[in-house]
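Chemist: The chain contents come next:
2 protein chains.
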Amino acid sequence: MATITLYGHNLSSPTKMVLSCLEEKQLDYEIVIVDLSAGAQKEPQYLALNPFGLIPTIQDGDLTLFESRAMIRYLAKKYKGQGTELLGKTVLEQAVVDQWCEVEGQSFNSPASTIVAQTIFVPMRGGTTDEAAVEVNVEKLKKVLDIYEERLSKSKYLAGDFFSLADLQHLPSTDNLVNTCGKGDLILSRKHVKAWWEDISSRPAWKKVKKVTEKGPK
Amino acid sequence: MATITLYGHNLSSPTKMVLSCLEEKQLDYEIVIVDLSAGAQKEPQYLALNPFGLIPTIQDGDLTLFESRAMIRYLAKKYKGQGTELLGKTVLEQAVVDQWCEVEGQSFNSPASTIVAQTIFVPMRGGTTDEAAVEVNVEKLKKVLDIYEERLSKSKYLAGDFFSLADLQHLPSTDNLVNTCGKGDLILSRKHVKAWWEDISSRPAWKKVKKVTEKGPK
Numbered sequence: 001m002a003t004i005t006l007y008g009h010n011l012s013s014p015t016k017m018v019l020s021c022l023e024e025k026q027l028d029y030e031i032v033i034v035d036l037s038a039g040a041q042k043e044p045q046y047l048a049l050n051p052f053g054l055i056p057t058i059q060d061g062d063l064t065l066f067e068s069r070a071m072i073r074y075l076a077k078k079y080k081g082q083g084t085e086l087l088g089k090t091v092l093e094q095a096v097v098d099q100w101c102e103v104e105g106q107s108f109n110s111p112a113s114t115i116v117a118q119t120i121f122v123p124m125r126g127g128t129t130d131e132a133a134v135e136v137n138v139e140k141l142k143k144v145l146d147i148y149e150e151r152l153s154k155s156k157y158l159a160g161d162f163f164s165l166a167d168l169q170h171l172p173s174t175d176n177l178v179n180t181c182g183k184g185d186l187i188l189s190r191k192h193v194k195a196w197w198e199d200i201s202s203r204p205a206w207k208k209v210k211k212v213t214e215k216g217p218k
Numbered sequence: 001m002a003t004i005t006l007y008g009h010n011l012s013s014p015t016k017m018v019l020s021c022l023e024e025k026q027l028d029y030e031i032v033i034v035d036l037s038a039g040a041q042k043e044p045q046y047l048a049l050n051p052f053g054l055i056p057t058i059q060d061g062d063l064t065l066f067e068s069r070a071m072i073r074y075l076a077k078k079y080k081g082q083g084t085e086l087l088g089k090t091v092l093e094q095a096v097v098d099q100w101c102e103v104e105g106q107s108f109n110s111p112a113s114t115i116v117a118q119t120i121f122v123p124m125r126g127g128t129t130d131e132a133a134v135e136v137n138v139e140k141l142k143k144v145l146d147i148y149e150e151r152l153s154k155s156k157y158l159a160g161d162f163f164s165l166a167d168l169q170h171l172p173s174t175d176n177l178v179n180t181c182g183k184g185d186l187i188l189s190r191k192h193v194k195a196w197w198e199d200i201s202s203r204p205a206w207k208k209v210k211k212v213t214e215k216g217p218k
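Keeping their order, the protein sequence lines are chains A and B. The numbering of the first sequence is UniProt numbering, which starts it at 1 and goes up by one. The numbering of the second sequence is UniProt numbering, which starts it at 1 and goes up by one.
Chain A with its partners taken away, still in its complex shape (with noise of 0.2 Å):
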């Protein structure tokens, strides 16, 4: 099998979803570090890859890929039968998990990102947290995870008893509210989401991909 490239960062919640996804499926694969400080992905190198100059983009063979759910479901597909099976086993687990990701990606990512990128990112640069948008996120997450808490005291994952894609998504955004914006109280609150994060977040795959990233360059 050919090596596939990852062409990310080490703090990008995007690029580390996709690395949790290659870490469960067990596939070789090489990062390149798009140098975000220097603007490399607005470059014409870069955006030829990926028009919208976004992180990451993958490589596998003939194939070039960008948005990160999109190269999840992909891996998940054509490496079905190797390491964790992540799509559900029939059609219709498959429609719950695809639900899921909607949710994560529809109703989760953007206040959990907005919190993470103004209590991280923006400090990072030198800029000042807009403490009222956090404030305001924080208050739409609260909802969100009230109706994952409901769902959660039914369903061991989010899609049902297995790990799935669903579940993957949420791990570097998560780990930022937990153990970087100081925000883990909306997880650990709740009792059924604390025990999933619990779970979910003590996988190998996952903790590979914290050990590989924590060392990697900023």
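In case anyone wonders, no lab produced these hints; they're calculated from the structure. Keep in mind that the hints are not guaranteed to be accurate.
Copies of one chain are not kept apart here, so a pair can be met inside one copy or by any two copies together.
Only pairs whose alpha carbons sit at most 30 Å apart, straight line, appear in this in silico DSS-like list of lysine-lysine [said to hold, decoys possible]:
no. : residue 1 : residue 2
1   : 191       : 42
2   : 156       : 42
3   : 78        : 140
4   : 42        : 154
5   : 142       : 191
6   : 77        : 154
7   : 215       : 140
8   : 194       : 42
9   : 89        : 215
10  : 142       : 77
11  : 154       : 211
12  : 143       : 156
13  : 156       : 142
Position chain B against the provided structure of chain A, taking the given hints into account.
Modeler: Same frame as chain A, but now just chain B:
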């Protein structure tokens, strides 16, 4: 085949997205109107189907599903071999379809739906359009559409030479931009985006959706 039930509303873009898929797949379905003006989407009976209190929701046999983009993926997969094929034939084609579906969900939808909400729904409810928000989102959408223009200069549809879910996802909001919001220039000033729009909006399935939803309750 049991009839599929769609809970939705004729003015809702996600409802129209799912209707378009049901029509492309030539499926039997019945529509249950959720009376948004009476807040029916927040009543316990509906929240039991869709805990987010959003429309639409579908029921197909034992499956109840929310998130419009997950619904159309389910319908395209479950009813493969019937009506229009919308997923791509190979894993590689499917990856490119998924990529452009994610572009719609992550980059196109937010500015497009904000423009639609501010110019149609806010005044409809007696409010005043936030012109500054419209302008900011028009500028965001222009950048996205410049990338579409480049893409569509190389392939007839977003994911290749075949109509797919990636194109279908754009129908309701683009129709509003062109035909209701007075923002048609965003689409019609870009040669390849215009040709794509004229092609996809002339599909019989979409014309049927327009007809069904125009005469429905407001």
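Chemist: Each hint should be assessed against the structure and marked as holding or not.
Modeler: Hints, verified against the model:
When the C-alpha separation of residue 191 and residue 42 is checked against a cutoff of 30 Å, the pair qualifies only between copies, where the shortest distance is 25 Å, while the shortest distance within a copy is 43 Å. Taking the closest pair of Cα atoms, residue 156 and residue 42 come within 30 Å of each other only across two copies (26 Å); inside a single copy the shortest separation is 41 Å, beyond that limit. For the identical chains of this complex, residue 78 and residue 140 are neighbours neither inside a copy (35 Å) nor across copies (34 Å), given an alpha-carbon limit of 30 Å. Only between protomers do residue 42 and residue 154 lie at most 30 Å apart by alpha-carbon distance; the minimum there is 21 Å, versus 45 Å within a single protomer.
In the homo-oligomer, the alpha carbons of residue 142 and residue 191 lie at most 30 Å apart inside one protomer (14 Å), although the nearest pairing across protomers, at 44 Å, exceeds that limit. When the C-alpha separation of residue 77 and residue 154 is checked against a cutoff of 30 Å, the pair qualifies both within a copy, at 27 Å, and between copies, at 27 Å. For the identical chains of this complex, residue 215 and residue 140 are neighbours neither inside a copy (33 Å) nor across copies (35 Å), given an alpha-carbon limit of 30 Å. Only between protomers do residue 194 and residue 42 lie at most 30 Å apart by alpha-carbon distance; the minimum there is 27 Å, versus 39 Å within a single protomer.
In this assembly of identical chains, residue 89 and residue 215 lie within 30 Å of each other by CA distance neither inside one copy nor across copies; the values are 36 Å within and 41 Å between. Taking the shortest alpha-carbon separations for residue 142 and residue 77, neither the intra-copy value of 33 Å nor the inter-copy value of 33 Å comes in at or below 30 Å. Within a single copy, residue 154 and residue 211 get their C-alpha atoms no closer than 32 Å, and across copies no closer than 41 Å, so neither meets the 30 Å cut-off. Proximity of residue 143 and residue 156 under a CA criterion of 30 Å is satisfied intra-copy only: 20 Å inside one chain copy versus 41 Å between copies.
Taking CA atoms no more than 30 Å apart as the test, residue 156 paired with residue 142 passes inside one copy only; the shortest distance there is 20 Å, against 43 Å between copies.
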